[in-house]
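Participant: Letter by letter, the chains look like this.
There are 2 protein chains.
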Amino acid sequence: MILDDKNTFMNYKIDNLQYCNWSRKIFKINREAGLDAVHVTIVYHEDFDELQKVLNMWNNHFKENSDLIFLGKSYLDIEKAKKDGKTAIFFGFQNCSPVEDDIKLIEKVHEQGCRFMQLTYNNQSLLATGCYEKNDSGVTNFGREAIKEMNRVGIVIDMSHSAEKSTLDAIEISEKPIAITHANPSFWHKAIRNKSEDLLKSLASSGGMLGLSLYPHHLKNGSKCTLDSFCEMTARTAEIIGVKNIGIGSDLCIEHPNSVVEWMRNGTWAKIKKYGEGSKKKSGFPIQPDWFRDARGFKNLQTGLKKIGFKNEEVNDILGNNWYNFYKGIN
Amino acid sequence: MILDDKNTFMNYKIDNLQYCNWSRKIFKINREAGLDAVHVTIVYHEDFDELQKVLNMWNNHFKENSDLIFLGKSYLDIEKAKKDGKTAIFFGFQNCSPVEDDIKLIEKVHEQGCRFMQLTYNNQSLLATGCYEKNDSGVTNFGREAIKEMNRVGIVIDMSHSAEKSTLDAIEISEKPIAITHANPSFWHKAIRNKSEDLLKSLASSGGMLGLSLYPHHLKNGSKCTLDSFCEMTARTAEIIGVKNIGIGSDLCIEHPNSVVEWMRNGTWAKIKKYGEGSKKKSGFPIQPDWFRDARGFKNLQTGLKKIGFKNEEVNDILGNNWYNFYKGIN
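If you read the sequences in order, they're chains V and A.
Under our numbering, the first residue of the first sequence is numbered -16, with each subsequent residue one higher.
Under our numbering, the first residue of the second sequence is numbered -16, with each subsequent residue one higher.
Derived from the structure by calculation, the hints contain no laboratory data.
Please note: incorrect hints may appear among the correct ones.
Any copy, or any two copies together, can satisfy a pair, since identical chains are not distinguished.
Said to hold, decoys possible - Derived DSS-like pairs (lysine-lysine); straight-line CA-CA distance at most 27 Å:
1) LYS91 to LYS263
2) LYS36 to LYS91
3) LYS46 to LYS203
4) LYS148 to LYS117
5) LYS66 to LYS173
6) LYS8 to LYS294
7) LYS263 to LYS173
8) LYS36 to LYS203
9) LYS257 to LYS8
10) LYS263 to LYS117
11) LYS159 to LYS256
12) LYS36 to LYS265
13) LYS257 to LYS227
14) LYS36 to LYS87
15) LYS11 to LYS254
16) LYS289 to LYS256
17) LYS256 to LYS282
18) LYS184 to LYS117
19) LYS56 to LYS264
20) LYS148 to LYS257
21) LYS294 to LYS11
22) LYS257 to LYS91
23) LYS207 to LYS159
24) LYS282 to LYS11
25) LYS227 to LYS8
26) LYS290 to LYS184
27) LYS87 to LYS117
28) LYS63 to LYS173
29) LYS159 to LYS257
Just so you know, these numbers come straight off a predicted model, no measurement behind them.
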């Protein structure tokens, strides 16, 4: 629990990963859900020039929706958001494409608002190995330099889509705690993207955060996953790594046409279509479970987590306070 | 030996790797050396847009030196060069940076003249692992797609600066023979960049070519390497992999300021200087051995190879005919 300047308890609600087809409608939903902060994915495979176009689009979002959102740069903006009844938007990249092969671009993208960057998105990058590669050689020469620079400027290393050795390397090399912003433990559901107990223990013991994902491909029984099952998994995860290292990174990808998930999976690297976590028959975005159609599902999580036996304070930790504390350490 | 249309024997002289500070002076030296073709490195870390600037520079070279050089696109241009008393210039990339993360750029760079592309230059790339990385995960997902596309359009896969598993993967995946355009066997000199016997045997048994390097860091005793020692190594290599799979890729980097070798090694990926094959004390370009200061050293190679016991025909094979035959298979 956190005290504000009047010594009253403040609880923050944070979704630490969304990639929606951004609109006023979605910003309103996030407000309705009471989200003080959202870490939003702004690019996947875009290079630095393409990022600039996305930033322009976000500038428009901020102008047109200034009653609902603003650009978050540090944990102080989460406090400000709470006070003003708005949502602070923190920028993140799901691949390192915008920094290209130039270490100096890391400082540049930080200046432009980037606070989280995955070292890889499924495939091998210049920095590390993605979880869809056959072999994992770990963090590369450039990756080691990039991690140092990200530590220096204050960009969190996000390994949600990375392979295991690369993630363990990143935990070891990084002088600041890293994050897995959106994934679940594989003991619950063996998706390629979900994480082993050993990895989660390393993450937590170094002060890192796991954002539990609500994306159906990461859930036991997919779209039919029950709230009870999700909350049981959360309780078991807390037993293994401690409740303080768990948050939510819903991975909500709502209101997108299916062409977007195709592009996320394929980028421009293959001439034949790849299906990633989907399949030829189920190639589109999966349907969200009915208890988490959008961020308003945080209310159901609150109920479910209490029901499974978490104390009020622990529920508040998981739904936002842990991420708030993690943000305090970024800079 | 090769017959021309009058049934006389034609011998081609080819240096299959140079990266010089290009000028009329160097084009003249290459003519003096009797080179019918040179595979020239035109980029290291440049992306697609930067490549366009380099291509403009080469267009000027071709205009201003049309009596000495022209752009080579297939083996027919080697024959034309011989007939016209000129040197056909074949473009190559030492890294895959110009194709960025876009498989469609492979066809594009082929249209622009590219005939050789390394999958990596020392560090990890999006396609494979370089020889300076700690671990080698082999050819990546994107790498597999890129090799198929390079085979299709007719760009040779060059693994001179790649790590061993990546090279073995490339040999296996590629449907056409690949090349190591500039390196030596490590049994002779244990440079990181030199190649194991096992790798060279795989290369040769798949029809691939090894271009022996004259760059001092790849030579036994560096700049003091003797012609006899180099020719003994050539003879031993021919015993192991056969004389038909051996050519020359001198790796001549002449007339450059030392800032160029610094850039080759560091690109834009590190904030602190890396010395690659050099060292802090010997950070610049090494001095060529006195019997191979420039391409006119081909004459010394001819003498040395005969002295060591190669037949005339074998000497001609090594000094160019083997590469000529390899070029016949590119398209």
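Participant: It remains to establish, for every hint, whether it holds in the given structure.
Facilitator: Consistency of the hints with the structure:
1. Taking CA atoms no more than 27 Å apart as the test, LYS91 paired with LYS263 passes in neither setting, with 39 Å inside one copy and 30 Å between copies.
2. Within a single copy, LYS36 and LYS91 get their C-alpha atoms as close as 15 Å, and across copies as close as 25 Å, so both meet the 27 Å cut-off.
3. Taking the shortest alpha-carbon separations for LYS46 and LYS203, neither the intra-copy value of 40 Å nor the inter-copy value of 66 Å comes in at or below 27 Å.
4. Both within a single protomer and between protomers do LYS148 and LYS117 lie at most 27 Å apart by alpha-carbon distance, with minima of 12 Å and 13 Å respectively.
5. Neither within a single protomer nor between protomers do LYS66 and LYS173 lie at most 27 Å apart by alpha-carbon distance, with minima of 41 Å and 65 Å respectively.
6. When the C-alpha separation of LYS8 and LYS294 is checked against a cutoff of 27 Å, the pair qualifies neither within a copy, at 33 Å, nor between copies, at 80 Å.
7. In this homomeric assembly, LYS263 and LYS173 come within 27 Å of each other (Cα to Cα) only inside a single copy, at 20 Å, whereas the closest approach across copies is 49 Å.
8. In the homo-oligomer, the alpha carbons of LYS36 and LYS203 never lie at most 27 Å apart, since the shortest distance is 37 Å inside one protomer and 52 Å across protomers.
9. With identical chains, the CA atoms of LYS257 and LYS8 are never at most 27 Å apart, being 31 Å at best within one copy and 51 Å at best between copies.
10. Taking the shortest alpha-carbon separations for LYS263 and LYS117, only the intra-copy value of 21 Å comes in at or below 27 Å, while the best inter-copy value is 37 Å.
11. Proximity of LYS159 and LYS256 under a CA criterion of 27 Å is satisfied inter-copy only: 24 Å between copies versus 38 Å inside one chain copy.
12. Taking the closest pair of Cα atoms, LYS36 and LYS265 never come within 27 Å of each other, the shortest separation being 31 Å inside a single copy and 44 Å across copies.
13. Neither within a single protomer nor between protomers do LYS257 and LYS227 lie at most 27 Å apart by alpha-carbon distance, with minima of 37 Å and 40 Å respectively.
14. Proximity of LYS36 to LYS87 under the C-alpha cut-off of 27 Å is found in both arrangements, the shortest distances being 20 Å within a copy and 22 Å between copies.
15. Proximity of LYS11 to LYS254 under the C-alpha cut-off of 27 Å is found in neither arrangement, the shortest distances being 39 Å within a copy and 43 Å between copies.
16. Taking the closest pair of Cα atoms, LYS289 and LYS256 never come within 27 Å of each other, the shortest separation being 43 Å inside a single copy and 54 Å across copies.
17. Taking the shortest alpha-carbon separations for LYS256 and LYS282, neither the intra-copy value of 38 Å nor the inter-copy value of 53 Å comes in at or below 27 Å.
18. Proximity of LYS184 and LYS117 under a CA criterion of 27 Å is satisfied in both settings, with 24 Å inside one chain copy and 25 Å between copies.
19. For a Cα distance limit of 27 Å, the shortest separation of LYS56 from LYS264 qualifies neither inside one copy, at 41 Å, nor across copies, at 44 Å.
20. Taking the shortest Cα distances, LYS148 and LYS257 sit within 27 Å of each other both inside one copy (24 Å) and across copies (25 Å).
21. Taking the shortest alpha-carbon separations for LYS294 and LYS11, neither the intra-copy value of 29 Å nor the inter-copy value of 82 Å comes in at or below 27 Å.
22. Proximity of LYS257 to LYS91 under the C-alpha cut-off of 27 Å is restricted to the inter-copy arrangement: shortest distance 23 Å between copies versus 32 Å within a copy.
23. In this assembly of identical chains, the alpha carbons of LYS207 and LYS159 never lie at most 27 Å apart, being 37 Å within a copy and 48 Å across copies at closest.
24. Proximity of LYS282 to LYS11 under the C-alpha cut-off of 27 Å is restricted to the intra-copy arrangement: shortest distance 16 Å within a copy versus 78 Å between copies.
25. In this assembly of identical chains, the alpha carbons of LYS227 and LYS8 never lie at most 27 Å apart, being 32 Å within a copy and 69 Å across copies at closest.
26. Only within a single protomer do LYS290 and LYS184 lie at most 27 Å apart by alpha-carbon distance; the minimum there is 25 Å, versus 65 Å between protomers.
27. Proximity of LYS87 and LYS117 under a CA criterion of 27 Å is satisfied inter-copy only: 23 Å between copies versus 30 Å inside one chain copy.
28. With identical chains, the CA atoms of LYS63 and LYS173 are never at most 27 Å apart, being 39 Å at best within one copy and 61 Å at best between copies.
29. Taking the shortest alpha-carbon separations for LYS159 and LYS257, only the inter-copy value of 25 Å comes in at or below 27 Å, while the best intra-copy value is 35 Å.
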